[in-house]
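**Q** Here is how the chains run, residue by residue.
There are 2 protein chains.
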Amino acid sequence: MATLTDIGLAAGINILSAVIFFLVFAILRIQPFNDRVYFPKWYLKGLRESPMHSGAFVRKFVNVDFRSYLRFLNWMPAALKMPEPELVEHAGLDSAVYLRIYLMGLKIFVPIAFLAWTILVPVNYTDNTLEAAAKLRDITSTNIDKLSISNVEFGSQRFWAHILMAYAFTFWTCYVLRKEYEIVASMRLQFLATERRRPDQFTVLVRNVPPDPDESVSELVEHFFLVNHPDHYLTHQVVCNANKLAKLVKKKKKMQNWLDYYQLKFSRNQSKRPLMKTGFLGLWGEKVDAIEYHISEIDKLSKEIALEKERVVNDPKSIMPAAFVSFKTRWGAAVCAQTQQSRNPTLWLTEWAPEPRDVYWDNLAIPYVSLSVRKLIIAVAFFFLTFFFMIPIAFVQSLASIEGIEKAAPFLKPIIEHKFIKSFIQGFLPGIVLKLFLIFLPTILMIMSKFEGFTSLSALERRSATRYYLFNFVNVFLGSIIIGSAFDQLKSFIKQSANDIPKTIGEAIPIKATFFITYIMVDGWAGIAAEVLMVKPLIIYHLKNFFLVKTEKDREEAMDPGSLGFHTGEPRIQFYFLLGLVYAAVTPLMLPFILIFFGLAYLVYRHQIINVYNQEYESGAAFWPDVHGRVITALIISQLLLMGLLSTKGAADSTPFVIVLPILTIWFHTFCKGRYESAFVKYPLQEAMMKDTLERAREPNLNLKSYLQNAYVHPVFKDDDEEEEEEFNGKLDHESVLVPTKRQSRRNTPVPSKISGGSSPSFPVAIKEHPGP
Amino acid sequence: MATLTDIGLAAGINILSAVIFFLVFAILRIQPFNDRVYFPKWYLKGLRESPMHSGAFVRKFVNVDFRSYLRFLNWMPAALKMPEPELVEHAGLDSAVYLRIYLMGLKIFVPIAFLAWTILVPVNYTDNTLEAAAKLRDITSTNIDKLSISNVEFGSQRFWAHILMAYAFTFWTCYVLRKEYEIVASMRLQFLATERRRPDQFTVLVRNVPPDPDESVSELVEHFFLVNHPDHYLTHQVVCNANKLAKLVKKKKKMQNWLDYYQLKFSRNQSKRPLMKTGFLGLWGEKVDAIEYHISEIDKLSKEIALEKERVVNDPKSIMPAAFVSFKTRWGAAVCAQTQQSRNPTLWLTEWAPEPRDVYWDNLAIPYVSLSVRKLIIAVAFFFLTFFFMIPIAFVQSLASIEGIEKAAPFLKPIIEHKFIKSFIQGFLPGIVLKLFLIFLPTILMIMSKFEGFTSLSALERRSATRYYLFNFVNVFLGSIIIGSAFDQLKSFIKQSANDIPKTIGEAIPIKATFFITYIMVDGWAGIAAEVLMVKPLIIYHLKNFFLVKTEKDREEAMDPGSLGFHTGEPRIQFYFLLGLVYAAVTPLMLPFILIFFGLAYLVYRHQIINVYNQEYESGAAFWPDVHGRVITALIISQLLLMGLLSTKGAADSTPFVIVLPILTIWFHTFCKGRYESAFVKYPLQEAMMKDTLERAREPNLNLKSYLQNAYVHPVFKDDDEEEEEEFNGKLDHESVLVPTKRQSRRNTPVPSKISGGSSPSFPVAIKEHPGP
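Listed in order, the protein sequences are those of chains A and B.
For the first sequence, the positions run 1 to 773 when full-length UniProt numbering is used.
For the second sequence, the positions run 1 to 773 when full-length UniProt numbering is used.
Honestly, the hints are just simulated from the structure, not real lab data.
Backbone N, C-alpha and C fix where the C-beta goes; we use that ideal spot for every residue, glycine too.
Computed list of lysine-lysine pairs in BS3-like fashion (alpha-carbon distance at most 30 Å, straight line):
# : chain 1 : residue 1 : chain 2 : residue 2
1 : A       : K673      : B       : K682
2 : B       : K45       : B       : K691
3 : A       : K375      : B       : K179
Footprint (simulated), chain A over chain B, 3 or more residues, beta carbon under 8 Å:
# : segment
4 : 225-232
5 : 343-351
In isolation and in its complexed conformation, chain A is listed as follows (with noise of 0.2 Å):
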């Protein structure tokens, strides 16, 4: 067991750690030639321009300004500078929102571990079982062990006070997430509301069209929604499976890099011209010129592409029975979204548009039977993801206790035996270890999401947030409390029953809390500190612009500011609430260090996301109720392994008032659900009606159609006429800020319509166009 001085150690190897990236940080930060490395944000926002441009040439690579080298932690004071109205508009709101689940851990923690210290650790503290065994049993503890749960006597009153502390915990933990989702909710109410107009508002995703012998998709969906939302419908696109020639595309893209390597290559070493085997990888096979072979594949390429093009714009086999269907109003596509169209649940089936830079086109033509179908498969395989993994996870840290190593490599004894090392392997190693371990899963996860079929970008990412949430939970935090005590209790544990596993894992708790900290230093810490680095966005960019970048936008195209990654990070910070509250009653100890975490996150994340990341798509902080969730599942399991832990502690007597906590937090979970979760599931028609009425007062002549015509392009085919797309919304965009300075007549400019009237007998309702106020 890992005394005091273990923890030190790993404390001040993690915090040395933290202030070296720091430093290195600061250092590279300022240097001008990594501008484009640690504020993207700013170049892709035009708010930047690159200081390579003026001064000396020394100065356009190498900061030689001593006086900001002495300001190097100004960057911590100027994060916490901006306020958050205006960080949501830098950033948009998934970002700021991510930011508040930080602070919400600052807000639920300080309190409790005020509470914690003044009242828990001086209970446990003066009381005397530890050291009674010690004198008894020469069983040896340490003072870590002195201030937690487990020095208090078997069958005291003293648990009481633990008691009474987890009912505060839970108290004041419900107040803040109800208070946070309650100001999130209006967060995101307000940004749906004074957000400028945006295609999604307008749109909704048909998925399952039923096929027709007689008609084309484009037509059924016109004559669906023609009469079963006659006075709303406006136009719809219908999506194309583009797949194939995005894949083409990003070859063509794949090879003009290649062909400006060469031509770079070229340009620095005139006498030689560049040559290359055709063969994999450019190991074997004909030796031809390099430069003249790119460019002869790049026009094949070109010529296939612009054939697939035709091939996926004509062939009706390409069409794909989805469409986004546009309405003239907000409050039409709100009732559109939110209701069902066909007798046939698993026809037409509407949901809001995604933003279109967050649709996941590939998706968008699964039918509903093999939808249910993959959904059951991934299940599966998730549950064998997650049992299986621990195998080698417990083997791992088996190994990773000096007695495991001592077992398997007797003749490591001498080596290990030495004090610091000991230290280190106890402080140090099964963090890293159980940190190598989890590296790969995001992208596992994620392609499971993608094979379940969702349709957009955010939902992918909280789906594969969820699954990795389940996953640590299991593997990590049950894995090593379990595990790792059943490897020190051999097999006796696996012959226990269900019923008993809650005072098991309740009795672990306390001995695995110095193997938590351990990781929350490593994890948390130098984690954190190491993220600000950016080291391999760092090390592509300056590999890229030696070898490729030859004009202003080859740069721009270089850089990677990477985005928030909420599938990934999320779980992190929810495993620390987790620790937080399943510690607090018990090991008060470890809640010092998980506010340092918070805290240190928080100053780092908003950092990178006021200077670095650039956000793919704005969801509107959808995610939000998988956060609230996760942090009430926590609560819960915190509640149910004190309970277990009481009832090893002979104060089993306790338990219907402990009990009484799971339930509670269960109805408030009900009560948020019912009170906030719909602000981030639907859109209220009261909102959409307000919206429209105050657009058609502002804007009476506005074209909506022609706005929405092209909106949801699939991106293949947007890359092409990017500069007249950009063109026109650069139009659209002063036509909706500007008052209009003369009042255009409708006869003259009539909405251009597109439908093909009366193909079908059986659908008599004329078209109307929305009169306008």
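Keeping the supplied structure of chain A fixed, place chain B upon it in accordance with the hints.
**A** Same frame as chain A, but now just chain B:
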């Protein structure tokens, strides 16, 4: 343990009592003076005249046509004759679909019984564990056990037959379930589509209207819907708190009954005016003339009622923050019911209005927070009810075994040991005891549901049914199995771990087969046969007929046709599904008993539905998802128990093969839920639009507003102007059936508008009348 003889005796008794019930019924039902008891449905429909008007005096009361006594069983084929569509027309969809549950039982269990008897019975019977055990340990086993899984050797390969059969049973059950779900869903949609115009198609119940200091609830509702559903809003009716008024009216009716009674008494015996005491129950107090006293009391009450009516209508405090909002089209109502109205999801809650008869008026004004607190309270209360009810049952169960009685009362030993009485106790008593316990339960559960705040009778009954089922499962099923065997195995069971519980139950299941067989015979055979006799309504009718009835209308009111009672009937059927599925692979002997129940019950209830029951409401088979879900639950339970049983039988290595079953079943359930459930929850816009269009084409001049104006009036107000009402409805029906012969000009018949335009300047929306086609 009961032997085949015991079961034979019990079967004999139950068959005999069933036959007696049927004979008595056959005689009673053809007596003219019982006509209104056994054919009330036809009277209510106006299709049957009282047979007492014509013929000789004796014939009015007693059937003297002896030939009709010979055909005493011909009600059975008659009950089966009416085809299903006609049944829907005659008794409503709820009743017709309710019958399908019995039919589904037959569909599921006939092939299962066939398979079990052709495959499992030979497999079980040809093994010889029990014989060997009997020789070795002097244990007597019965023939019943020889047919069950108990007879298969420990660790035998024969268990593969049982696993195979479990697969077959699961797939067959799921197949039938899916087919039925599909059929019922389409029946429901068909029913909703072909149904004639009903107010609830156009109406939405709005709850939690926020209080406003400046506007009344009525104005508030009007403004809100004029703004947010400008093209669809038609009218609304606020809800008054008339609970006190309803109580007064009820009291008056009771007084009127007593008055009738005394007047009738006086008219029969003119010599003596009836006297009564005014005190409690007429036991003490001043002696007064009963007729005069009641006349004056009724007078007083009438005045009070008039005052109260005045108050309810005029006092703003008696207006509850809820309203029935009607729309111009079904489309508008469907949209409003399925969408969220306001930012705050706890205000302006909209849901489909129940049918006017189906509204549970007392619960319309419960605010959101109170609702969720009530839910919590009821959940806890139900938990206690369920788990503390077990104690008395366990006690009685242990008494009702021979050994138990002998221990408790040794002096009874000589009587009990008599062969006949012993068989009687073992075969009959446990079932009756259990049945008695359950009689008082539905009332308690109904009160719970009412407290929980559901707004329609159908929802109240559905919720009660769910609770009843849970209760049955925990107390009757698990309670009989676990506690019964717990008393057998003394306290060793209590110390067992949760892990082993499925095993213990699995082990106990074959032992309890005979108990459940007797239960089926008492409850499912004799009980069902008794249902047809209608003892309680028969007695009450004749009492009322003798003491109160003066006019034909009184006689009408004296009829008590009753209704299906979904909240007690459905869980009872479900219990048979549970027994059938659990015992199908364990004790196939039980299946024929269950088949007889389903067949008999189908016959009896079909007769009752055609001739007797008068449904209080029509929910359009909204209960089917519950029915489906419970059969699924039973299926999963049966699979888990089979797993437990097999693991105690030395076939633990087959567990992976059995555990696939519940996973597949759960997946099947989610699949069905997604595929069919929405037909029972939502109203597809396509359907609504179709009906709207049709109606508009057929009746262009329909005055919908006057049709809907008074549809949702509290029944207390309705009683008064019942005649006007009926006349009004009649006129409407007339209108809607006839093709209009002259075209009325819309300008001449303006729709009466009660809209108080512009009282609030913030709602600048003009009122548009629906233009019509």
